[in-house]
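2 protein chains.
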Amino acid sequence: MISIQAAWDLIENSVAPGPDQTVRLMNALGCVLAEDVHCTINSPPFDKSMMDGFGIKSADFASGLRTFCIVGELMAGHTSQHVLQSGEAIQIMTGAPIPAGVDAVIQVEETKQNGSDVEITTDRLIEPHHNIVKCGESMRVGETLVTSGKQLQPQDIGLLAELGRHEILVRRPPTIAVLATGDELVPVDAEPGAGQIRNSNEPMLAAQIARVGCQPVPIGIARDNREDLHAKITQGLKADILCLSGGVSAGKKDLVPSELARAGVVEVFHRVALKPGKPIWFGVLKGEHPRYVFGLPGNPVSSFVCFELFVRAAIRRWIGLCDSTPRLQQAKLSQPFSMTSNRPTLFPSAVSRNGSEVWVTPSLWKGSFDLRATIESNALAYFHEAGEYREGDDIEVLQLH
Amino acid sequence: MISIQAAWDLIENSVAPGPDQTVRLMNALGCVLAEDVHCTINSPPFDKSMMDGFGIKSADFASGLRTFCIVGELMAGHTSQHVLQSGEAIQIMTGAPIPAGVDAVIQVEETKQNGSDVEITTDRLIEPHHNIVKCGESMRVGETLVTSGKQLQPQDIGLLAELGRHEILVRRPPTIAVLATGDELVPVDAEPGAGQIRNSNEPMLAAQIARVGCQPVPIGIARDNREDLHAKITQGLKADILCLSGGVSAGKKDLVPSELARAGVVEVFHRVALKPGKPIWFGVLKGEHPRYVFGLPGNPVSSFVCFELFVRAAIRRWIGLCDSTPRLQQAKLSQPFSMTSNRPTLFPSAVSRNGSEVWVTPSLWKGSFDLRATIESNALAYFHEAGEYREGDDIEVLQLH
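Protein chains in written order, with our numbering: chain C, 1 to 401; chain R, 1 to 401.
Any given hint might turn out to be false.
Same chains, same names: a pair is fine if it fits in one copy or spans any two.
[Unchecked claim] The list that follows gives simulated cross-link-like pairs (lysine-lysine, DSS-like), each with its CA atoms no further than 25 Å apart:
1) LYS134 x LYS278
2) LYS366 x LYS332
3) LYS332 x LYS275
4) LYS366 x LYS278
These are calculated hints, taken from the structure and not from any lab test. Given the structure is predicted, the values throughout are model-derived calculations rather than measurements.
Put together the whole structure using the sequences plus the hints.
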């Protein structure tokens, strides 16, 4: 039995980053960039008015001039050939390029128009560049803007659009097959008979997969016999990652590890000192296009926790994030907590804010069968060892969303 | 000009929750539940073994008996008719129903099998129900499990699957049209001419829309003339919410408010005391199926911020979340900050953790044109008034993801 950290290290060392793909910028939200993006334009591309108003020479204003002769108007998207002379003003709209001779824009609310004249009604100091953004003030040709490995947010997509990058190279997210195993399972829309339960792990794992931006591939239920397991494992190995649930503990029908071995999947680890989720199994099908296989324990909370701890680590590594291990953060325990397990425990918990401080409250959770207790949980609190924890103690937490 | 809070209140009062729809559970991640879910099963549905091992009578063990006669084996998904007698053990797998007469399961690692006998090798105290989960221990028929208004997470989906809820009633997320306006805009894949820029707001807003689980409907670019604006506004009003960008400030070509009025959209507010984003416009097209229209300012950061502040509030209200106003949280300022604007400012910033405390660092941001500064930002820091803020000051922040 290995430690959680050893399992993370083995995943990090076993999983190779997946291939890149070109996607349309409109579909790139949440994708991990697979190229460094260099700036190919100056932004703004020209000196630009930040206001609707009148372009003048600031020196005119400084010399006391307040009434100007309007020589034209300039809309955004248009240009002016006129070179502004002293005493002149040009009406200009937000986003329009600044004409030659203009070095300040007075916003329209601070002016009064009288026929072909405009009077400036403000007494504030008007310095050169007033309400003008200079060409390249936001970014300049040649700068590195975004680096490979960044997960694209809406504002990155806006920036890439400014550069005209309507297509972009990203990591392809892995496809992830979900295969539940066990004679006791019936599909979610079926009525369980005696000794049976519904296959709730499939939709739950599919949702966990979708939440991290990957494509779930549901394979259904494999019965506890070698033929069915073999056929469905073969099907599941077409995906980049295969998540089985059930069949990995010490039972007579726990055929998953041996059937995976028969399919050529080499075990990397089996059993982690962890609660819930001790029986977790991980292996690799080597080859030009390697596949990664997780045998998750069948109890729903074990399956849930092992996905968040280990499958997500593999996904992070596959899509090329620098640090593949889950990001644990600190939170203060909101109430005393007695931890009785002799195994490190990821306890379903609720994280909340108290001012600028993050607090964590363990849920009323009864064990790996008790999925109900997790529905008010948004985090897993990581208790490394048995003992009495006090209110205010610093606890590591893994936030779930 | 109204305050940010007044704008939120007007949105809350103007937007009616949208319709419900039935979705497949597999597609329900992130949807807002539109029904209370009551428990229709006991979970577990029967007393169940939590371990692979041997079922015995705990009284036998308490009386000193250590060797038992194996009378059968029971897999998960199967049942046994045998009533266990004193001195007998039945081999039982994780998840299998507990047969009559059994009240404790000894895990296989604590046993040694000799032909048809099994010897228990542990000396620990074995109490009744050892390694047995009782029927209904996680949830019972009739309990309310999840209430209307909850945004469904993977564990909720697992729980609903346990109940056999393969379909579920949720709020339909709104469709949101995006229409950029301005003669200066060219499509993202085109080369801008003199005085022109690319339409970067469309992909950025589409990504903001997709990030909150809604469907973006890009309408393209409307030119600064009444005919084109009218045609594209008509098209955009087929969506539940229409976001225009540009054309709402004080310029001569700012035709958006008057063209919206012509289309029957009634103004609710125009201009909010806010930086960036002062010219924001909001209105409602009343009717059996009302439409909501935002005129976002054209500068990229203004558009971005107004979406997060106001469009998201409307979406939250539409999908029936109890509290539609954005959830501001506290963070400690990591460095002194001089706030010079006379308008309340939402400043692009980076939130990070220092132990269990949340800190916020304003980005090097130059103004509403400067989208580049936002790409390392994951939050907006809300500075209510001008002044000198000190390191450690409590600041309200709106986290972006």
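Outcome of the hint check:
1. With identical chains, the CA atoms of LYS134 and LYS278 are at most 25 Å apart between copies only, with a shortest distance of 22 Å across copies and 61 Å within one.
2. In this assembly of identical chains, LYS366 and LYS332 lie within 25 Å of each other by CA distance solely inside one copy; the values are 22 Å within and 37 Å between copies.
3. Taking identical chains as interchangeable, the C-alpha atoms of LYS332 and LYS275 lie at most 25 Å apart only when both belong to the same chain, with a minimum of 21 Å there against 35 Å between chains.
4. For the identical chains of this complex, LYS366 and LYS278 are intra-copy neighbours only, at 16 Å inside a copy versus 52 Å across copies, given an alpha-carbon limit of 25 Å.
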